[in-house]
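**Student:** Turn these sequences into a full structure, and let the hints steer you where they fit.
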Amino acid sequence: MFPNSRLLLAVIAVSVVIIAGCAPKKSPNTTGATGAKVQITGAGSTFVYPLMSRWSAEYEKNSGVQVNYQSIGSGGGIQQFKEGTIDFGATDVAVSLEEEKTFTRPFVQIPVVAGTVAVVYNLPGITTNLKLTPSVLADIFLGKIKKWNDVRIAQLNPDVKLPDMDIVVVHRSDGSGTTYIFTDYLSTVSSEWEQKIGRGKSVSWPTGVGGKGNEGVTGQVKQLPGAIGYVELSYARHNNLPFAAIQNASGNFVLPSEETGMEATAAAVERLKQDIRSSAVNMPGENSYPITGFVYVLLDTQPKDKTKAAEIKKFFEWVLKEGQKMASELDYVPLASEVVEMSLQKLAEVQ
Amino acid sequence: MNETTTGDPTAPKVRTHNRAATFWSDRLFRAAAVACASVVVLLVLFFAYELWRSSELSIRTFGWRFWISRDWDPVRERFGALPFIWGTLVTSVAALIIAVPLSLGTAIFIAEVAPRWLRQPVSFVVELLAAIPSVVYGLWGVFVMVPWLREHVQVPLSQRFGHIPLFAGPAFGVSMMAAILVLSVMIIPYITAVSREVILAVPQAQREASYGLGATKWETIRRVVLRYARVGILGAIILGYGRAVGETMAVTMVIGNRPEITTSLLQPGYTLASVIANEFTEATSPLYLSSLTELGLLLFIITLVINALARLLVWQVSRGEVQR
Numbered sequence: 010m011f012p013n014s015r016l017l018l019a020v021i022a023v024s025v026v027i028i029a030g031c032a033p034k035k036s037p038n039t040t041g042a043t044g045a046k047v048q049i050t051g052a053g054s055t056f057v058y059p060l061m062s063r064w065s066a067e068y069e070k071n072s073g074v075q076v077n078y079q080s081i082g083s084g085g086g087i088q089q090f091k092e093g094t095i096d097f098g099a100t101d102v103a104v105s106l107e108e109e110k111t112f113t114r115p116f117v118q119i120p121v122v123a124g125t126v127a128v129v130y131n132l133p134g135i136t137t138n139l140k141l142t143p144s145v146l147a148d149i150f151l152g153k154i155k156k157w158n159d160v161r162i163a164q165l166n167p168d169v170k171l172p173d174m175d176i177v178v179v180h181r182s183d184g185s186g187t188t189y190i191f192t193d194y195l196s197t198v199s200s201e202w203e204q205k206i207g208r209g210k211s212v213s214w215p216t217g218v219g220g221k222g223n224e225g226v227t228g229q230v231k232q233l234p235g236a237i238g239y240v241e242l243s244y245a246r247h248n249n250l251p252f253a254a255i256q257n258a259s260g261n262f263v264l265p266s267e268e269t270g271m272e273a274t275a276a277a278v279e280r281l282k283q284d285i286r287s288s289a290v291n292m293p294g295e296n297s298y299p300i301t302g303f304v305y306v307l308l309d310t311q312p313k314d315k316t317k318a319a320e321i322k323k324f325f326e327w328v329l330k331e332g333q334k335m336a337s338e339l340d341y342v343p344l345a346s347e348v349v350e351m352s353l354q355k356l357a358e359v360q
Numbered sequence: 032m033n034e035t036t037t038g039d040p041t042a043p044k045v046r047t048h049n050r051a052a053t054f055w056s057d058r059l060f061r062a063a064a065v066a067c068a069s070v071v072v073l074l075v076l077f078f079a080y081e082l083w084r085s086s087e088l089s090i091r092t093f094g095w096r097f098w099i100s101r102d103w104d105p106v107r108e109r110f111g112a113l114p115f116i117w118g119t120l121v122t123s124v125a126a127l128i129i130a131v132p133l134s135l136g137t138a139i140f141i142a143e144v145a146p147r148w149l150r151q152p153v154s155f156v157v158e159l160l161a162a163i164p165s166v167v168y169g170l171w172g173v174f175v176m177v178p179w180l181r182e183h184v185q186v187p188l189s190q191r192f193g194h195i196p197l198f199a200g201p202a203f204g205v206s207m208m209a210a211i212l213v214l215s216v217m218i219i220p221y222i223t224a225v226s227r228e229v230i231l232a233v234p235q236a237q238r239e240a241s242y243g244l245g246a247t248k249w250e251t252i253r254r255v256v257l258r259y260a261r262v263g264i265l266g267a268i269i270l271g272y273g274r275a276v277g278e279t280m281a282v283t284m285v286i287g288n289r290p291e292i293t294t295s296l297l298q299p300g301y302t303l304a305s306v307i308a309n310e311f312t313e314a315t316s317p318l319y320l321s322s323l324t325e326l327g328l329l330l331f332i333i334t335l336v337i338n339a340l341a342r343l344l345v346w347q348v349s350r351g352e353v354q355r
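Going down the list, the protein sequences come from chains A and B. For this note's numbering, add 9 to where a residue sits in the first sequence, where the first one is 1. For this note's numbering, add 31 to where a residue sits in the second sequence, where the first one is 1.
These aren't lab readings, by the way, just hints derived from the structure by calculation. Each residue gets a CB set at the ideal place from its N, CA and C atoms; glycine is no exception. Just to be clear, a hint being listed does not mean it is correct.
[Unchecked claim] Each computed SDA-like pair below joins lysine to any residue, with the alpha-carbon atoms no more than 25 Å apart:
hint, chain 1, residue 1, chain 2, residue 2
1, A, 231, B, 175
2, A, 231, B, 165
3, A, 323, A, 293
4, A, 110, B, 316
5, A, 91, B, 311
6, A, 155, A, 134
7, A, 155, B, 293
8, A, 205, B, 99
9, A, 155, B, 234
10, A, 170, A, 91
11, A, 205, B, 113
12, A, 205, B, 111
13, A, 91, B, 84
14, A, 110, B, 320
15, A, 330, A, 349
16, A, 155, B, 184
17, A, 156, B, 92
18, A, 153, B, 104
19, A, 153, B, 291
20, A, 153, B, 292
[What the hints assert, rightly or not] Every beta carbon over 10 Å from chain B, so not counted as near; a handful from chain A, in silico:
hint, residue
21, 47
22, 73
23, 88
24, 165
25, 182
26, 286
27, 350
**Tutor:** Below you can see the structure in the form of structure tokens.
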């Protein structure tokens, strides 16, 4: 019997270890207790990560407060914030009303910065900015316009000699806020897109190939003559890919940039005041770039740890004031002053 | 040791003491080995349970249709696994078809043909391939292989043989073909290294007997060495296959990530592992998450079934050996 009971014991011991490992872990509570260094932890959007790192480095220099940010993706950020394992979440897509109902504590969503999505392409010998209207763009991504010398593209660009080449759509294969902003835009401007495809971080693309990450899409567009894709502006710039001027709601063809993105955020402020979840795509305004979106942070409005909450508030106040200057250096879109004002009011809801 | 070899009258006593120590160290060793083995078994059971539990919602919602549906629409929450199962099976099996002859040839070369001084360098280079991280394979695939493949292989293929379904459609570069090639390169070192060891383990007497009967080198390799080593070689192939089925990063980067069932090697596809890696981080709705987990469960089941079939094959082969 002895060897058998030994075996049993071993199995039990191992099971205990495994089960203990599965127990929900409490997050390390790095509170700002007397003397201890304050640490703020956040997680979420990969899009905002480079800027967030810059913010936290600069802020630590000024205040000594450490901000740790993990870029695990917006979905993960929302999830972890919901479970209360982090102090703030960051997401490229506002938490929907439906999702908000599943939260057990009150929170607020605050836009902290914005970004533009550029439509990039690879046409041998063509480095100029093509002009595209919303309907042409939607039909390209729907697979209805198949050739670059299609009459609808040619009409918009009479000065450009378009090649007789197949259009290859390149989209993101991983779930991403960039895809959400882009498909949100296409759904807003094209009812066919909205009905057939819709908006989401991952959608069922009617045509084309998928690349992983902004770098994956950039890489494929760069290598594939005839390709068209959408990436964050900084990727288009750093890879010297030409990008399109998109016709906005006021009828002007506008290129993505800090200024045109900022104008779009200013145009969106009234809608945001009514509903923070409103999208900022296809905003009117002479120079507002239509494919623009916000990054939101999620904060508890009634946090338990008041001293820490005060530090978090201070950090985001700094982000909304000083931090905006750093945004354009990294190809993000700083918020227009109206939006900053609104965000500061939202921040004041944190008690 | 010193005490037992002194040979003084106390020796037997010391020996009993040692025997007792041996007894306990044996016990301890046994317990440790059992513990290690149970960790592995329990982990597998735990994985299976956890996968099943997390995919319950999807299983209840879609049932068997999940296995045969071609839809993958996260917006409308309609999910089906067939294109991913197809992509996984096609890429891994095709990779095996390319990698097995190459690997076996290399293994035979290293073990039987190459001069002694060349064995180590060649083995080293092959094993180096195994040490390259998969993301590096992916990057190499995207920036070097895919553009080359498109220009020099796919474009001519689609122009000349476009009417054959296997090579139909436009050449994107990223494709099932690219994934298959990257996968074959990745699994070659595994199959080669294990096969080489197995071939080297064939007793020299077997070879000598064969030569003694007047067989040539090739006949000896084919009829004696490979025959003797076949169970081990099968094991090597299974190891390679397991790696091909589960490979994520490199495949995602070159396959084009399109959930479609295509018979053309030039068209993009998608695998189970890739879609999980791509979409899991941003999946928020419960049904979406659950469906992705069910894909994981399917991958788990596919691996299990293949392993079981391989076991069966090994068993059949080795039983035949004994009977003969």
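**Student:** Looking back at the hints listed earlier, which ones does the structure fail to meet?
**Tutor:** 3, 9, 10, 17, 23 and 25
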